[in-house]
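**Q** The listed protein sequences correspond, in order, to chains A and C.
The opening position of the first sequence corresponds to residue 251 in this note's numbering, with each subsequent residue numbered one higher.
The opening position of the second sequence corresponds to residue 4 in this note's numbering, with each subsequent residue numbered one higher.
It is possible that part of the hints are untrue.
[What the hints assert, rightly or not] Quick look at which bits of chain C chain A covers, simulated, 3 or more residues with Cβ under 8 Å: (1) 59-72; (2) 87-94; (3) 109-121.
[Unchecked claim] Between beta-carbon pairs, the in silico distance windows are: (4) C:G82 - A:A444: 33 to 39 Å; (5) C:V72 - A:R327: 49 to 55 Å; (6) A:L287 - C:L83: 34 to 40 Å.
[Stated by the list, open to error] From chain A, some residues computed to sit far from chain C (all C-beta separations above 10 Å): (7) A254; (8) A258; (9) G261; (10) S265; (11) D270; (12) V279; (13) S328; (14) E332; (15) F335; (16) M337; (17) L339; (18) A444; (19) W468; (20) V479; (21) S486.
Hints listed in this document are in silico derivations from the structure and should not be mistaken for laboratory results.
Just so it is clear, the structure is predicted and the values come from calculations on it, not from any experiment.
Note that CB positions come from ideal geometry on N, CA and C, so glycine has one too.
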Amino acid sequence: MTPARTLATAGRVLSQIRHDPRTIGLLLVVPSLLIGLVAWIFTDTDVFATIGPAMIALFPFIVMFLVTSIATLRERRSGTLERLFSMPLGKGDFILGYALAFGLLAIFQTAIAVSWAVWVCGLEIEGSIWLLFAVAVSDALLGTALGLLASAFARTEFQVVQFMPVLVFPQILLGGIFLPRDQLPEVLQAIGDALPLSFAIDALTAVADGSEDAAWIWGKVLVIGAWIVGSIVLGSITLRRRTP
Amino acid sequence: MAATTPRGTPEGDGADSVIVVRDLHVRRARTPVLHGLSLTVQRGRIVGLLGPSGSGKTTLMRSIVGVQVVQSGTVEVLGLPAGSRELRRRVAYVTQQPSVYDDLTVRQNLAYFARVLGVRRTKVDEAIARTHLGDVERRLAGSLSGGQRSRVSLAAALLGDAELLVLDEPTVGLDPVLRVELWELFHQLAGEGATLIVSSHVMDEAKRCDQLLLMRNGELLADASVASVLAATGTDDMETAFLTLIERATTPMTDEETSR
Numbered sequence: 251m252t253p254a255r256t257l258a259t260a261g262r263v264l265s266q267i268r269h270d271p272r273t274i275g276l277l278l279v280v281p282s283l284l285i286g287l288v289a290w291i292f293t294d295t296d297v298f299a300t301i302g303p304a305m306i307a308l309f310p311f312i313v314m315f316l317v318t319s320i321a322t323l324r325e326r327r328s329g330t331l332e333r334l335f336s337m338p339l340g341k342g343d344f345i346l347g348y349a350l351a352f353g354l355l356a357i358f359q360t361a362i363a364v365s366w367a368v369w370v371c372g373l374e375i376e377g378s379i380w381l382l383f384a385v386a387v388s389d390a391l392l393g394t395a396l397g398l399l400a401s402a403f404a405r406t407e408f409q410v411v412q413f414m415p416v417l418v419f420p421q422i423l424l425g426g427i428f429l430p431r432d433q434l435p436e437v438l439q440a441i442g443d444a445l446p447l448s449f450a451i452d453a454l455t456a457v458a459d460g461s462e463d464a465a466w467i468w469g470k471v472l473v474i475g476a477w478i479v480g481s482i483v484l485g486s487i488t489l490r491r492r493t494p
Numbered sequence: 004m005a006a007t008t009p010r011g012t013p014e015g016d017g018a019d020s021v022i023v024v025r026d027l028h029v030r031r032a033r034t035p036v037l038h039g040l041s042l043t044v045q046r047g048r049i050v051g052l053l054g055p056s057g058s059g060k061t062t063l064m065r066s067i068v069g070v071q072v073v074q075s076g077t078v079e080v081l082g083l084p085a086g087s088r089e090l091r092r093r094v095a096y097v098t099q100q101p102s103v104y105d106d107l108t109v110r111q112n113l114a115y116f117a118r119v120l121g122v123r124r125t126k127v128d129e130a131i132a133r134t135h136l137g138d139v140e141r142r143l144a145g146s147l148s149g150g151q152r153s154r155v156s157l158a159a160a161l162l163g164d165a166e167l168l169v170l171d172e173p174t175v176g177l178d179p180v181l182r183v184e185l186w187e188l189f190h191q192l193a194g195e196g197a198t199l200i201v202s203s204h205v206m207d208e209a210k211r212c213d214q215l216l217l218m219r220n221g222e223l224l225a226d227a228s229v230a231s232v233l234a235a236t237g238t239d240d241m242e243t244a245f246l247t248l249i250e251r252a253t254t255p256m257t258d259e260e261t262s263r
């Protein structure tokens, strides 16, 4: 693995996306539109104030997961992955290159989504807006990293789409959006508490209602960071130069 | 065989063998594809790997490049086990489907592969010139014709001055003029000391090769020069020669058979 090859890969992925303006548009705008929709649904109630932060966790996470998992699968299907693995490119160069490129997009996406939620949808934030942004970015990066991990296991488009309900839906159901986690059955609460998206939802909610201090929130971000690093490492270990 | 080999090591017995395959067994999706293949390829040769679809050509090439899981047997390339780290810059592989990024321009594709190989940018210009892609270098690979895309894929293999080029059906879908040009390029590369393995299911391309490997059902029907294959089968047509060999198929035919 070398920085030059990792950066070359990240640059290549970004110039691929640059040739596809529609994907850029979808990537940057869709999460904000969905957050706006949720805010609109609950216009006449005060529900959005409670679940708004969770929405900032949810939509960028899902969008980044989907886009990343399909992008790397495409590489496998087109034969370019086989070509790269017959060349002096490290598996880490490949995965990290994708993580950097999509991570950069995730930062832009999050900036737009957070600004939209706060200034357009009127989500009230008691804590620091910068802290909210930092947590939201780490959450979108988590989606990217899990997407990379999923695509390392998928062989076909059908399989990678199945990973979405398998890896993402349980995290949404058990993340405390539908029912606070402390009201879940004991087993489900234990599982929910361990899932990475829960940490993002908790941290964003805490920033919004100002119920916890910065140290507590950075603690959650640290756990999300560990999940990101773990997924990327596992994703690159599971890639195989030799295939059956 | 004392030719100067600018890309290679000084020749000597054994050091001249670019590829040595011994008793190679490969299964793909539980079906045996190669059963006990053995062969040797000398430096500076153009080797034609011929046979019908499904005969195991691609699997053999993948084994030589080192991206294929093999069940047993050994594959040695340039004196090292196939797939060794060091070989990744000395062996270039072109897959059957053009493996390029459709959403990048021709030049962007090659510039990326050049950076992965760690070679100078001028190599990109050379590769574009050698494959006659100058007119389309700023177009997206996805917008090119099939033949043009496969030339981009080939151009990527020229970037690193590889000692061994493994080309899976590089001339498929090309018009006759381009095909002739490509074969001229292959001979140029061999003249510079590179070794090429070129697969094809078009038998008449065989006549342009120095050594022929005729495959059928995962076995080698012949490992010999064009002249010996034609002489041994008593014909001047490759297609007929191949069919004759299939009828006889018991033991692989070699050059010695005809010199006896």
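**Q** Are the hints correct? Go through all of them and say.
**A** Going down the list of hints, with the structure as the test:
| no. | hint | in the structure |
| --- | --- | --- |
| 1 | 59-72 | holds (count 5) |
| 2 | 87-94 | holds (count 4) |
| 3 | 109-121 | holds (count 7) |
| 4 | C:G82 - A:A444: 33 to 39 Å | violated, 51 Å |
| 5 | C:V72 - A:R327: 49 to 55 Å | violated, 19 Å |
| 6 | A:L287 - C:L83: 34 to 40 Å | violated, 59 Å |
| 7 | A254 | violated, 7 Å |
| 8 | A258 | violated, 4 Å |
| 9 | G261 | violated, 8 Å |
| 10 | S265 | violated, 6 Å |
| 11 | D270 | violated, 6 Å |
| 12 | V279 | holds, 20 Å |
| 13 | S328 | violated, 6 Å |
| 14 | E332 | violated, 6 Å |
| 15 | F335 | violated, 6 Å |
| 16 | M337 | violated, 5 Å |
| 17 | L339 | violated, 5 Å |
| 18 | A444 | holds, 35 Å |
| 19 | W468 | holds, 37 Å |
| 20 | V479 | holds, 24 Å |
| 21 | S486 | holds, 16 Å |
Comparing the model with each earlier hint shows violations of hints 4, 5, 6, 7, 8, 9, 10, 11, 13, 14, 15, 16, 17; every other hint is respected.
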